[in-house]
Structure formats: C-alpha cells, structure tokens
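Those protein sequence lines, which keep their order, are chains A and B.
79 is the number that our numbering gives to position 79 of the first sequence; each next residue is one higher, with no gaps.
312 is the number that our numbering gives to position 312 of the second sequence; each next residue is one higher, with no gaps.
Mixed in with the good hints, there may be bad ones.
What the hints assert, rightly or not - Here are the computed lysine-lysine pairs in the DSSO-like style, where the Cα-Cα straight-line distance is at most 30 Å:
(1) Lys12/B to Lys10/A
(2) Lys63/B to Lys121/A
(3) Lys217/A to Lys155/B
(4) Lys393/A to Lys45/A
(5) Lys453/A to Lys155/B
To be verified - What follows is a list of derived Cβ distance ranges for each label pair:
(6) Lys72/A to Ala146/B: 39 to 47 Å
(7) Lys168/B to Asp249/A: 36 to 44 Å
(8) Gly357/A to Ala166/B: 17 to 25 Å
(9) Gly321/A to Gly122/B: 27 to 35 Å
(10) Asp50/B to Asp160/A: 27 to 35 Å
(11) Leu8/B to Val26/A: 32 to 40 Å
These are computed hints drawn from the structure, not numbers from a lab.
Glycine is no exception: its CB is placed at the ideal position from the N, C-alpha and C atoms.
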Amino acid sequence: MLSLWENLRKYPALLLLVLVFAASCVVVAVNAYRGAGGAVGQERKKVLRIAHWQLEQGIRNAIDQLIADYEKLHPDVEVRQILIPETGYFQWVNTQLIGRTAPDMIEVGSGGTVGWALWPKFYARYFLPLDRYVDEPNPYNKGTALEKVPWRKTYFDEMDGGYEETLQSYYRIPLSAFTERLYYNKDLVEEVWGPTFPTTYEEFLEMCRKLAEYGKKNHRRLVPIAGSGYNFRQFFNAYRTAFTADYLDPLDVDWNGVVSRIESAGPIYSGRVKLTETPIRANFELVRELSEFFPQGYTSLSRDEAVFLFLQGNAAMITTGSWDYESLGVQSEFHLAVTEIPLPSKSNPRYGSYVAGPQTEAGIHGGFPIGVTKMSRNAEVALDFLQYATSLKKNEEVNRAMYWLPVIKGAEPRDELRPFAPHTEGYSASIEYEGPGAEMAYAQISIEYLSGKLSYEEFVDQFMRAYHREVPAGIQDVLRNDEQTLNQEMRFAAIRRAALTSAPGATAVATGDSAAQYKRIMEAYVAQVGVRDSDIRDWTDNARLAEQPAGQSGR
Amino acid sequence: MARQTVRLRQIKSHWPLYLLLLPALGLIATFMYLPAATGILHSFYRWDGDELATYIGADNFTKAFTDPTIRHAFAVVGILFVANLFKMIPSIITAVVIHRVISDKARYVYRLLFVVPMVIPGMVVLLIWKFFYNPVVGLLNSFLTATHLLDLFVKANAWLVNVHLADKAIFMADRSPAWLGDSSLVIPALIFWGFPWIGIIGVLIYLSGLEKIPKSVYECADLDGVGWFRKFVYIELPLIATQVRINLVLLIIGVLSDYGLMLVLLDSSGGPGGAAMVPGLYMYYNAFMKREAGYACAIGILLFFIILALTFINNKFVRVEK
Numbered sequence: 001m002l003s004l005w006e007n008l009r010k011y012p013a014l015l016l017l018v019l020v021f022a023a024s025c026v027v028v029a030v031n032a033y034r035g036a037g038g039a040v041g042q043e044r045k046k047v048l049r050i051a052h053w054q055l056e057q058g059i060r061n062a063i064d065q066l067i068a069d070y071e072k073l074h075p076d077v078e079v080r081q082i083l084i085p086e087t088g089y090f091q092w093v094n095t096q097l098i099g100r101t102a103p104d105m106i107e108v109g110s111g112g113t114v115g116w117a118l119w120p121k122f123y124a125r126y127f128l129p130l131d132r133y134v135d136e137p138n139p140y141n142k143g144t145a146l147e148k149v150p151w152r153k154t155y156f157d158e159m160d161g162g163y164e165e166t167l168q169s170y171y172r173i174p175l176s177a178f179t180e181r182l183y184y185n186k187d188l189v190e191e192v193w194g195p196t197f198p199t200t201y202e203e204f205l206e207m208c209r210k211l212a213e214y215g216k217k218n219h220r221r222l223v224p225i226a227g228s229g230y231n232f233r234q235f236f237n238a239y240r241t242a243f244t245a246d247y248l249d250p251l252d253v254d255w256n257g258v259v260s261r262i263e264s265a266g267p268i269y270s271g272r273v274k275l276t277e278t279p280i281r282a283n284f285e286l287v288r289e290l291s292e293f294f295p296q297g298y299t300s301l302s303r304d305e306a307v308f309l310f311l312q313g314n315a316a317m318i319t320t321g322s323w324d325y326e327s328l329g330v331q332s333e334f335h336l337a338v339t340e341i342p343l344p345s346k347s348n349p350r351y352g353s354y355v356a357g358p359q360t361e362a363g364i365h366g367g368f369p370i371g372v373t374k375m376s377r378n379a380e381v382a383l384d385f386l387q388y389a390t391s392l393k394k395n396e397e398v399n400r401a402m403y404w405l406p407v408i409k410g411a412e413p414r415d416e417l418r419p420f421a422p423h424t425e426g427y428s429a430s431i432e433y434e435g436p437g438a439e440m441a442y443a444q445i446s447i448e449y450l451s452g453k454l455s456y457e458e459f460v461d462q463f464m465r466a467y468h469r470e471v472p473a474g475i476q477d478v479l480r481n482d483e484q485t486l487n488q489e490m491r492f493a494a495i496r497r498a499a500l501t502s503a504p505g506a507t508a509v510a511t512g513d514s515a516a517q518y519k520r521i522m523e524a525y526v527a528q529v530g531v532r533d534s535d536i537r538d539w540t541d542n543a544r545l546a547e548q549p550a551g552q553s554g555r
Numbered sequence: 001m002a003r004q005t006v007r008l009r010q011i012k013s014h015w016p017l018y019l020l021l022l023p024a025l026g027l028i029a030t031f032m033y034l035p036a037a038t039g040i041l042h043s044f045y046r047w048d049g050d051e052l053a054t055y056i057g058a059d060n061f062t063k064a065f066t067d068p069t070i071r072h073a074f075a076v077v078g079i080l081f082v083a084n085l086f087k088m089i090p091s092i093i094t095a096v097v098i099h100r101v102i103s104d105k106a107r108y109v110y111r112l113l114f115v116v117p118m119v120i121p122g123m124v125v126l127l128i129w130k131f132f133y134n135p136v137v138g139l140l141n142s143f144l145t146a147t148h149l150l151d152l153f154v155k156a157n158a159w160l161v162n163v164h165l166a167d168k169a170i171f172m173a174d175r176s177p178a179w180l181g182d183s184s185l186v187i188p189a190l191i192f193w194g195f196p197w198i199g200i201i202g203v204l205i206y207l208s209g210l211e212k213i214p215k216s217v218y219e220c221a222d223l224d225g226v227g228w229f230r231k232f233v234y235i236e237l238p239l240i241a242t243q244v245r246i247n248l249v250l251l252i253i254g255v256l257s258d259y260g261l262m263l264v265l266l267d268s269s270g271g272p273g274g275a276a277m278v279p280g281l282y283m284y285y286n287a288f289m290k291r292e293a294g295y296a297c298a299i300g301i302l303l304f305f306i307i308l309a310l311t312f313i314n315n316k317f318v319r320v321e322k
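Just chain A, with the same shape it has in the complex (with noise of 0.2 Å):
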C-alpha cells in the first residue's frame, strides 16, 4: 500500500485529474439519484418539474402552496418548480425538447412572432395530446357542483384555451385567465389632469400633452405613457381591432370568426388589401401620434425598464396585463387605478370613421397553459397534479394568491380585480400585418415608422419590399410545417367549404365509426387541396384498399 501511494506521488497531476474526475462522478451520480427522487428521505417518489416564466415572489409562493398541498394528499410524489426568465425561456424549451431533457410540465405558448408557428410542430412531436383525459370528469371536484362535469367543460372557455386547432386535440391545461388593461398613477393623474379620467382618446391625448407640460414645468423626468417593445402593443392591438373590424368579412375565409396571419398574407402579398388603405393607415398613424409621449427610443426598453419607470413616478401610466396587478399594486408607493384604453369619438376628424368599437374579450382563452411533456416517466402523475390544480377549490385559492383570474366556472376571483372582468361586447382583431416568415422585417421596419425614423409611405415601400421577398418562403415553411403536422383543421375546412359548394367531398358528414369519418374527411380535403403530401396519399389509399373485400388488393 505504501509502495503504491510512494508511485502515484510521482504523478502528482494524474493523481488530481482521477480525484476531480471521481469526485464529479460521485456529485453527478448523486444529483441523477436526487432527480428520480431517490434522497434520502424521499426514496421512491415521484419527482415533477414544472417548468414557467412566472418569476414574480407572489406567483412562485402561491404555486409552491399549491404543490406542498398537493404533495400533503401524494406523500410519494414531490413537484418542483424550475423557473426560467421569459427573455430566453422560448429558446430554453427548445433546447430541452430537442435534448429531451425537458421537464415533465411545460408552460406552453411563449416565443412572440416567430414562435406562433412553431408550437403546433412542438406539440405534434414532443407533447401529450390530452383528448381522452378532458373528457372525463375531474376526480377533485368531487363533492362539488362540477363532480360529474367532463374536465374540459368545468373551464369557463371550455377549455379552448387547451385546444390547439391545427392539430384539432387537447394539448395545453390552462391554469388562469389574462385580459389587458391601461394602469395609471391615480395621485399623479387627479394633480394633472383630475378626479375622471379620460373617456376619450382625444382628451386622453390632451390629458397626455398635461402630463408632458407639468413634467417640464417641474423640471422632472416625466413620461406620460411607460413605452417599451413589450407595453405598447396593448394599444396598438386594441387600435387595430377597433379600425379595421371591417376586414373580418373579406379575411376570414375559414370563417371561424378569427383573422389569422395565412388569412391575411394571401391578400396583403397579392395586394387586394393594401397597407394603404385609410383604416390601416389610421390605425398606424393613431400609434405613431400616441408614441410622442412613450419615452423616446421605448421600443428598445424592456419590459422592466417600463415597470421601473412606471413605479418610480417618471411614468404616468402603463398598458399591460392582469398579470401584472399584484407585484405592481405592492410595488407602487402611489394608488394605482386600471381602466380601459380609451378610443377615439366617432366625432374625430381624423380617425372618428373608421372606430369600429372596442374589442371583445368574449373570446378569451385560458392563459398560463401547461403541457405535459411526451419524455415525462410520470405523465399520468403530472395530470393528476394539473387536475388538481384547476379543480374547483383550488384553481379558486391558487389565483385569489396569485391575484390571477381563475379559469374555472364558479371559481369566484378576488374582488381587486374586477376592472379585469372580460368585455363580452366589442370587435375582434380582423388582419395581422406580419406575415409568415416576414416577422423580422415587420419588427424591424416598424419601429423605424412609429420612432419617426421613416414616412409611412417609406415604411409601406420598405415593408412591403421585404413581404415580397420573405412570405413566399414563409408561407412555404407553414405549407412543410402543415404537412409534418397534418393539418387536419385545413381538412376540416374543406369539408365545411364542400358541404357549401356541392364540391367532390360533399358527402363527408359525420357517420359512421371514425375510421370511416377519417376516410371521408381525407378524401374530401384531397378533392379540394390536391394531393400535397405522400402521407395522404398513402392513407387514402390504404383506406381505399381497407374498404375493399379482401382479395381486390392490387397492392
């Protein structure tokens, strides 16, 4: 033994590389046997990760009350929270599902322009679907008015929120519900402005240039609005909707009542919508005029950079989210008060014709949605952690904490936040500007507009250059992305646009078993699109050959 200790002291190096190399084994090791719920203590359970961006103290707090009541009633279970910031958290996700690391529960949906066209691929390849779990009942509303209730239909939106329509099933468990209001310093705006705040847009603009004269006045940093890229597209969608309503009719071809962005491309690449046009116009110029009082540059701030200047009295209002109601309400030294974004009479000279109204939020959907991950050991155990989660008594205690609004029917909401309530009258948003694949350029060409940095007929000439360049490939990627997916909503439609037009496929209705029904839907979707896909084509024919008496196979 000494004689061995007496040679490995002469490769002092080599000595230390095997102790660093056995000591991050032993910590790996452990941390792997940690992971699968092996600590000591806590042998044999079942370890969850829930993985979000809610970082706010409120919002962790209230989800670790949750799980510890949750693993109260599961001894052998233990959830744990792994929160990422949301500046990096699209990218995250992406990463672990592609290195299927990822966690067993996913808050879904994030990502902003570019990723609106990525989860539905995400869901199809790396997500639970959850149809035949939604329609059963939620065993913890036992003893309440939802006991027998299927889980999808306890939701108020009937758990449309979860429903992901390009791939037609269930992915996502929404856990509360977000609607987007104008937050305001009450003390600051009764000393400028008075006790009512503004109705109107045109005394809210006059109300603004108040704000600006006293910050001067009074030698103080003063903003009446706290801009950033994230805190001005409330007004600008809410804008949007109330101009260009009417787009609805002529866009809305699948007529589901909602504009999507393919909807838009087809007539705004081939210009039978015009960015021109004077309700879009408006609708950009009304921004741009209401950008003059955000900080100047404010599509460079942050979000939080908006909040500070928010909470540290250099802002007089904000735009942003129910979300936002607790960590603003404890942060803020002044009394804060929410309302509407006001929108312009129909007497304005200048934009009065074209306001439709304001927009609905009849069709909200559940928000805060969480996915069950398809490489999750406990799928089945991190179901019944989101059942509990959004059964009756606890969805109602989680965002009373939280200062959320809940999501399911009779789930009563804390009292603040009423001014939050959803406006079932009003319009909803009829064109999207960006179109696929041209997401960059619309980020990029439409700051340098609302900055003041270009005309609107150079933004348009700009725009409009790099939506002829980019949405062909763009719209090729979601034709690839469809495909890879199966885009049975697209099949659907053809069914829908065959029942009306007599078209091949006519036929499809719903009867038979649901292979027959498939069949039908297949070959009315290949009478309308054409064959796009080897996949369908081989199905068809697969359900061809399966419907003839055996021994007609020519295959």
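On the provided structure of chain A, position chain B as indicated by the hints.
Then chain B, alone, in the frame of chain A:
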C-alpha cells in the same frame, strides 16, 4: 526512420504525460470539433435542430449569399471591427504608461487596480451601460442636458440637414436621444460602449510584452537622448508587436463571432431597423427562433471561413520584429 524511433521511445518514456493530455483532447474533440463537424454536415440539410433533416445540397449557402440581411450583418460587423481596431489604442497607451511608472510598488498597485474590475460579472457591466444609455433616466442624456452639449448636437444636426449633409434630424430640441432605440444612433452607441476602451486582458498582455524589454535598451535610448514619444514608437511598439498580433487575432474572433451584447440589449431582431444585426445574431435567430438550424450552420461556416481568412491575413502581414 531513425527520427521516428526516437519519437516512439520518447512517447514510451513519457507516456504519463501523453496520457494526461488525452482527457483534454477527448473533451476538445467532443465539444469543439464534433459539433463543428456536424455543423458542416448539417449546413447541407434543411434541418430543424432535431431529427427532421432533408438534404438540399448547397441551397443554404446560395440562400446566404443572396440574403440581404446577411450582407447588412457583415457590413455592420465590418464597421464594428474597424472601430475596435481604434479601440485597441487606449489599452496600448495604458500598458505603456503603467510600464513606465518608476516605483515598483506603484506599478504593482496600478496593475492590481486593473485586475480588480475583472471580478465584476459581465452582465452587471452590461446592465450598467444599458442604464447609462436609458433615454429617460440614463446618465448620458442627463450629462448631455446638464452640460448643454445636447443643444450643441441639435444645432449641429440642424445645420447638417440644412446643408444636405444629413437626411433627417436625429437630435431634436426637447427630445432625449434614444441611443439604443434609434437606428441612426445604435451603431455609434455600440462603438462608444466600454469607453474609455481599456481592455483589462489586453493591458495585461501588453504589459507582459513590455516587461520583457531589457532595461539596457532604455538606458541606451536615454544616452542617445531619445524622447518619451520616440521611445514608444521605436522601442516599445515594435517589441510588443507579438502581443498586438495576439490581441488582433482575439479581436477578429471576438468581434466577428460575438452577438451576446446585441441580443441582450436589442433582442434577436437586431434593434430598430435591424441596425445592429450581426452575423452571429442572425445565426442565433435562425437556429433558436426560426428553428432553421441548417441555415444557421451555413451562416456559421461562412463566418468561420471569414474569421480564418482575416486571421491568416493578420498573421501574414502584421510583422513581428524579434
């Protein structure tokens, strides 16, 4: 043949040393060369970063050569590279000044003072600079307003517009400039970033070169009556050329491949008008936002060859006098 026998014998007699090299070589091969090799392979595929890959030949490269965003990105990185060449000068001057401090103790203290800021995390430095550029509460705008320099900028800008040397007013009265939110100001802001541009690592590398210069050389120069500036031009600068070359290589690699700063400051779209879109950021955008990893690999390969070519030119033409 005889030489080979000697080498083998050397390996045999020094095998523990070669064995010690193996883990490092293995790790480098696994985490550096293998990803690079798969990157080359995947640049010929339409690849989503996961399993879906379709061979498309050189289409990704053809697309890259005709992509206007790539052209713009290389133009931006070219501007930043030239600016960074000038930004090397303060580090050289600082190193020479520290080197010339007569007191050993004082020289040590100065060196220490340069090393201490290295412990500040890069993200903290970045956030400080971001706050510095904040249009409402930032220090830069406060300084420019307090010193009335902003009024001077406004007047100069108006004059440039009047004489048709500038298209539009960037600086306007009563409006704080948005250094990171105005496409005309983003690049100047990025160039000004890090002022007074004293790179700690750079200074230490130059100092290591300067300290190798024998005292006798300075003594001879003093006897010949050589002044401080000529000492710098004829003695110090030529004798730290090796260090300048090293820093130049690091600069080429750093500037051309870096995109973290732009990503954190301006998001993956490269800021207003895409003014700060650099090739690395566009590669990242394609790989992680659009999930066009094959195209991102092709951009990476192009970037690699450009860095290689510039490094080769640097090593070939920046002469080192021994």
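Hint numbers not upheld by this structure, sorted from lowest to highest: Structure breaks hints 6, 8.
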